[in-house]
Amino acid sequence: MLLDIQGLIKRFGGLTAVSNVSFGIERGEIVGIFGPNGSGKTTTLNLIAGILQPTEGSILWKGNEIGRLASFEVAQQGLIKTFQNPQLFPELTVAQHMRIACHLHIKRALGIGRVLTLLRGTPGELDGVLTRKIDQMLELCRLADKRGEVAGALSYGSEKMLGVAMGMVCEPELLLLDEPASGLGNDEISNLDAVLRDLRTHGVTLCIIDHKVGFLGRLADRAIALHHGAIIAVGKTTDVLDNSAVVEAYLGKKHA
Amino acid sequence: MKYAAPTALLIALFAPLAVHSDSILAIAIYGFMAASLAVSFNLIFGFTGQLSLFHAASFGVSAYIVTILVTAFGWNFWLAVVPALAVVLILSLIVGTICFRFKLKEFYFAVVTMAFSEILRLVILNWNGITNGSLGITVVDRPSLWTPSGAVQISSGIAWYYLTLALLVIVYVVCQRILSSWIGRCLAAIRLNDQLGETLGIDVFKYKLLSFAVGSVLAGLVGAFYGFYSGFVEPHYLSISLGLDIIAMVLLGGVGSLIGPVIGAVILTALPHVIDLSAELRIGLYGSILIFVILVMPKGIVGLLGSRKNAA
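First to last, the protein sequences are chains A and B. This note's numbering applies: residue 1 is where the first sequence begins, and numbers increase by one. This note's numbering applies: residue 1 is where the second sequence begins, and numbers increase by one.
Worth flagging that the hints you see were computed from the coordinates, not collected in a lab. Errors might be hidden in some of the hints.
Unchecked claim - A few chain A residues that face chain B, going by a derived Cβ cut-off under 10 Å, partial list only:
#1 Ala49
#2 Phe72
#3 Ala75
#4 Gln76
#5 Phe83
#6 Leu92
#7 Ala101
#8 Leu118
Positions of the beta carbon are idealized from the N, C-alpha and C atoms, including for glycine.
All chains should be built: construct the whole structure from the sequences, respecting the hints.
Here it is in structure tokens:
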């Protein structure tokens with residue numbers, strides 16, 4: 001199992017945002033986490049990504065505990081999280097964003113030998129690899145024609161796509177996507193759907209949270225439904241979405 | 001702007017052939033040292049986004065250590081530079097670790113670094129036995145250079161001119177190499193959005209500390225020479241007003257550029273000599289320039305030149 005979460009609890013003062021959540025993610029899957037607003041989806045994702053520290057419980061990544069690591073250390077392990085609202089560097093172009101996101105690639109390729117690049121510059125060979133990698137990811141995320149544009153000038157959909165592209169250039173084994181479809185139009189959502197399916201063929205495992213049942217329902221192999229911070233259903237996506245407890249959590253008792 | 005730095009260096013190398021005035025030479029020497037301070041400060045402020053008020057302290061502490069080791073203990077100047085820079089490195093690592101571990105940003109960082117800087121100034125002011133308190137220490141010694149024909153004392157204006165120019169080039173090149181490397185991209189990420197940087201795997205704490213320590217040590221390097229040229233060291237070297245002068249130079253020249261602070265430093269160093277002003281008026285002038293720059297040209301002279309070119 002790639003990621004194994006056991007008995008995860010997060011309390012903020014008197015509020016329990018995530019209560020006793022346990023689930024696992026296998027390599028190559030697309031796992032969807034559903035839930036209405038305030039159900040603890042984003043908190044769960046932030047706990048996995050190291051942005052928050054769990055109150056109790058364990059997060060095992062390939063068998064190693066990562067629950068107490070800082071977010072940059074989690075990222076270095078190969079788990080990358082994108083943000084719900086695109087967090088970008090407003091003054092920089094798309095290509096410059098991608099170059100910064102190559103940090104881990106350079107670190108892995110050169111190790112402590114990076115210090116030598118202070119004297120000699122980045123080796124041309126590595127530079128070529130990075131350029132190809134950036135081009136490939138921008139192509140994959142349908143951003144190739146925007147590489148010279150400043151982030152501040154991008155549309156909301158492109159901003160979110162750039163977030164995904166930057167995550168991908170880090171070469172994650174597991175990409176955590178926080179509501180990638182929120183705020184997007186229908187065209188942009190079908191585009192996103194296609195991009196995420198392409199990502200899977202590149203061998204990336206995806207864990208996506210969203211409350212857009214339609215979009216994520218089509219995409220995810222397996223679903224986890226959260227309500228008030230606890231899991232109310234796990235299983236095949238269609239089964240979970242048909243589950244009466246899930247329907248009730250979304251629509252209220254009357255409609256169930 | 002690409003060839004601005006090499007062109008300026010070429011002019012500076014040959015300028016003494018045309019200019020024979022000692023006073024202009026002295027202004028250039030002080031200008032080079034101020035520029036070195038401003039460039040190293042800009043590594044921390046302009047490129048990493050951390051408003052450090054510790055820069056004058058790094059400069060002053062190093063100036064004191066070198067001066068005391070040479071005048072009171074008879075050390076060789078160049079040998080004395082080593083412990084001075086080591087002490088600045090250790091101090092900056094301590095102050096930086098405290099600030100960055102507690103995630104102090106912007107004005108909180110500025111105020112805490114200012115407090116550390118004041119502590120050091122008060123120690124120097126009151127440690128009469130070693131530092132001679134508010135009177136400072138007079139420096140009569142001069143550093144020597146070893147040449148094939150024996151040791152030569154750096155005492156003439158021309159020798160100091162080239163020495164401080166070399167100092168500026170060293171500081172500039174160190175900063176330039178760092179900024180054009182992967183470290184520079186990490187620093188940009190930290191300046192623009194450190195939370196995003198962190199999720200991309202950048203150790204924000206480590207790179208903030210690196211930038212702060214390198215910038216501070218470079219300021220210490222300038223400090224080591226400064227006392228020996230001016231002929232004295234005094235507690236004023238560690239004052240907040242010197243820190244603010246450096247900020248003014250960087251803001252005037254251009255925050256986001258390497259050459260900008262050099263321009264700003266040379267202008268602000270030369271200005272009081274060109275238009276003869278008393279110290280009080282000079283501070284007033286600095287303040288006015290600072291306000292004007294922030295309001296009218298937030299990216300400084302370099303930013304203004306850049307935008308002209310883009311508009312054309």
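(message) Checking each numbered hint in turn, tell me which of them this model violates, lowest number first.
(response) none
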